[in-house]
Amino acid sequence: MPDEPEKKDDVVKVNFDFRRELAEKIEGNLASFCYQCGACVGDCPATMYSDTFNPREIMLKVLYGLGDELLGEDSVMWECTNCYNCHERCPQEVKPVEVIISLKNMLADRGIYPDPVAKVIKTFEETGRTTPLSGAVDKQRERFGLPPLSVVPMDEISLLIEPAPPEGEDN
Amino acid sequence: MKRYAFFPGCLIPTRHPAMEFAIRHTLPKLGIEIVDLEGTSCCPDPIYFKSKDKMSWLAVAARNLTLAEEQGLDIFTNCSGCTATLSETYHLLEDMSLREKVNQRLKRIGREYKGTSKIRHIVTLLRDVAGYDAIRESVVRPLDGLKVAIHYGCHLLKPSRIMQVDDPNDPSVMERLVEALGAVPVRHRNWYLCCGKACQREDIPSNMMHDLLGAVQEEEADILGLICPTCFGQFDHGQMKVSKQFGEDFHTPPIYYFQLLAFAQGVPYDKLGLERQRFKPECLRQFETAAAAASSSETE
Ligand code: SF4
Ligand code: SF4
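Chains as they are written, first to last, in the numbering used here: chain V, 1 to 171; chain C, 1 to 300.
Pulled out of the complex, with its shape left as it was, chain C reads as follows (with noise of 0.2 Å):
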């Protein structure tokens, strides 16, 4: 077992606690183990709290990474946001007169920032520490012909030179994590377009989400795989708002990553907390009396 420290955030584990059971039923399968760390605040967001003070958000997120610094283990984040904030604090802190100002900072609750743990998108553990072959492995209900749209989202990939998770103009992580379940990845002609939560002017993520909405639809997958939970909100909860303002009917249900892995690797569809799901991905089900089917027909 490698072990790494959690950092869980926000979003995940108050408003999708099933998308955090799905990540801690399915990485000791991989021979991963995951260790929480106590105390851990708020990254803080990338888009919120660095807008009104970015030394106070450098401090926090420094912070956050003492505490794995203390337990001596890399840290791996499973929102895109948290992976943002706490990459370009490594990298931030990296220009030691910044770090210098930000000890200073540390030094009023008795901390050090000194730079020893990294950071890790959960997805670069899948792939690098645990290995596509691993989870195919894993896999006790493959998903075969289970057509899956693909949105990266924004920070996952970009800035690269700080994320280092992929290539910005051709990933492939997602696809060939999709494909190791035996499903199908394709990527939709707007797969570069961001979600838009971020900005503050209505309009402009409306008609974002129109756009991105529509191509996801074109290609006619069973599910959208998301990896990031701000972009599965808009896709959730917003694929109704944007369907309702603009009187089209989108329909491709989101599914976070890991929930899907969850259940190709035999979590009951029932257990996935997927029935709060504005757009349900009921058409998993079949995978389930496949492969019920199979087991009884090899116990005959």
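Just chain V, same shape as in the assembly (with noise of 0.2 Å):
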């Protein structure tokens, strides 16, 4: 059997669009000021639970544009329980819990959520709340004593989540 012909190109090429797309996000760009200490990794919760998750290795990855690994179907992205430990902890102020949060944008971008994730903003894009009204809520506020609760005004909601055109907006 012949041998198998030398690689050429496990060079890695750093994908530069997914970098730019990354940098659009709020506080997306941070990665860049990453330069690998690992001070992020030794409070991180989701890490020490999980052996796939590793915020260091997240922020790797985007600093070599490998988009493709971080943002599949299969995304490690949503075991992050949202700590804020690394932000905490982080010396460059790379803030990882933003980028990766600025990462989950790219994914919802592309229609990538979990279901109870997906459901939950269903909710607030629909009521304004995460938890919604209902009688059996107005009946436990009046047992005590409660004001009922204000009316979320809908139409300012929806025109502030509204993407703005593609021109931006018009003053």
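Simulated from the structure, these hints should not be mistaken for lab results.
Check the hints yourself; a few may be wrong.
Ranges of calculated distance between the beta carbons of each label pair, as one might list FRET restraints [said to hold, decoys possible]:
| no. | chain 1 | residue 1 | chain 2 | residue 2 | range |
| --- | --- | --- | --- | --- | --- |
| 1 | C | E288 | V | D138 | 24 to 34 Å |
| 2 | C | Q71 | V | D68 | 47 to 57 Å |
| 3 | V | A118 | C | V184 | 23 to 33 Å |
| 4 | V | K139 | C | G39 | 22 to 32 Å |
Covered stretches of chain C, as calculated for chain V (at least 3 residues, CB under 8 Å) [to be verified]:
| no. | stretch |
| --- | --- |
| 5 | 12-23 |
| 6 | 56-63 |
| 7 | 212-225 |
Computed from a predicted structure; not experimentally measured.
C-beta atoms are modelled at their ideal positions from N, C-alpha and C, and glycine is treated no differently.
Quick one: dock chain against chain with the hints and give me the complex.
Below, the structure is given as structure tokens:
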């Protein structure tokens, strides 16, 4: 059997399109300041309890532009507990959790979310709350002598969460 | 009376009205007037909606802050998640180019964010506005010897540069607040661990909660004092789930701090909605009978 031809393309090529798209997100560009010290890892609960999650590795993949590895259907991003320990610890103010949330924004742009996440988002977009009102809620509030909950002006919320037009907002 | 705009969020007013009742009952006794805001929405939550689109998240959060700005008041929150969203929004919108972008969105609804209302987590109102002494003086039913394990949760403390509540490596506010009621705070060995609620891979939060509950139980505390409604769910409903799943008997009843404060200020146990909890802090009843006995011997 002939030897496998020597691979010439195992050099990492930075996918700049991916990095540009990430940089468009709020605080999405912060990974650029990461010097891979690992200070974000020690107190990361997701790292402690998962064999696949590590914020330093995620930042490295961002630096390498490995968008395909980060943005698949099985993305590890949802393992993050949003505890903010990495944000607290990073000496470079990379805010790894914010980069991770920006990556989730990119996942969302591609229509990828776990069902429970999609469900809460839908409730918010329809009612302006993440836990909707109901007769049972009103009753409980009455029992404690609490004022009725104020109505969320959904016309305002809906306008606000519409994406900006591609040419930007007009003034 | 110092006046503050109240941002109740979603979780407490809909799922835990008893917590809101306790807040509305206790703050005025400590010289803090609650001003309700009309038309607030979800903060929006820093886990789910923020994952979809940070820009929309920021715009809706900024809208909520404009409601307090219109009243010329600082705003206080009773949920660590709301505090995270609103404090971060305040912080991010100190960047004028981002503020400009957000204000372009707000223009769609005729609003403008100005950055004139500060955000305060409710515990900082107790500590910095009311003060521990005033809390101590408001207590009619001292919780002498009650052992209260403390769990801070994550967003109250971190990121500390933005939240500005306490030292994330060695906080003290919850301990001092518990002491002011006459109780004894204890810190469990996993106090730094997250409750895991936001994580979307099921085994991770279960294992985390298992280790958390084990550490709490080791302290043999009477109750677990909490300040975050999300942690509360994990320690109440979640404590039952994890006990079953791991075949263990975890059983420390959690309580939201303001319900404990209201109880110490004299609200009857049965008025606090505690019977709705999976794990009920029945141990508090002893203080009701003790206080009743003390007051009847005084009047004799
Ligand atoms: S702590 Fe900051 S600089 Fe260090 S590896 Fe993590 S993200 Fe990079
Ligand atoms: S926020 Fe996410 S990445 Fe950061 S320490 Fe917590 S679990 Fe780890």
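*asked:* If you test the structure against every hint from before, which numbers come out violated?
replied: 3 and 7
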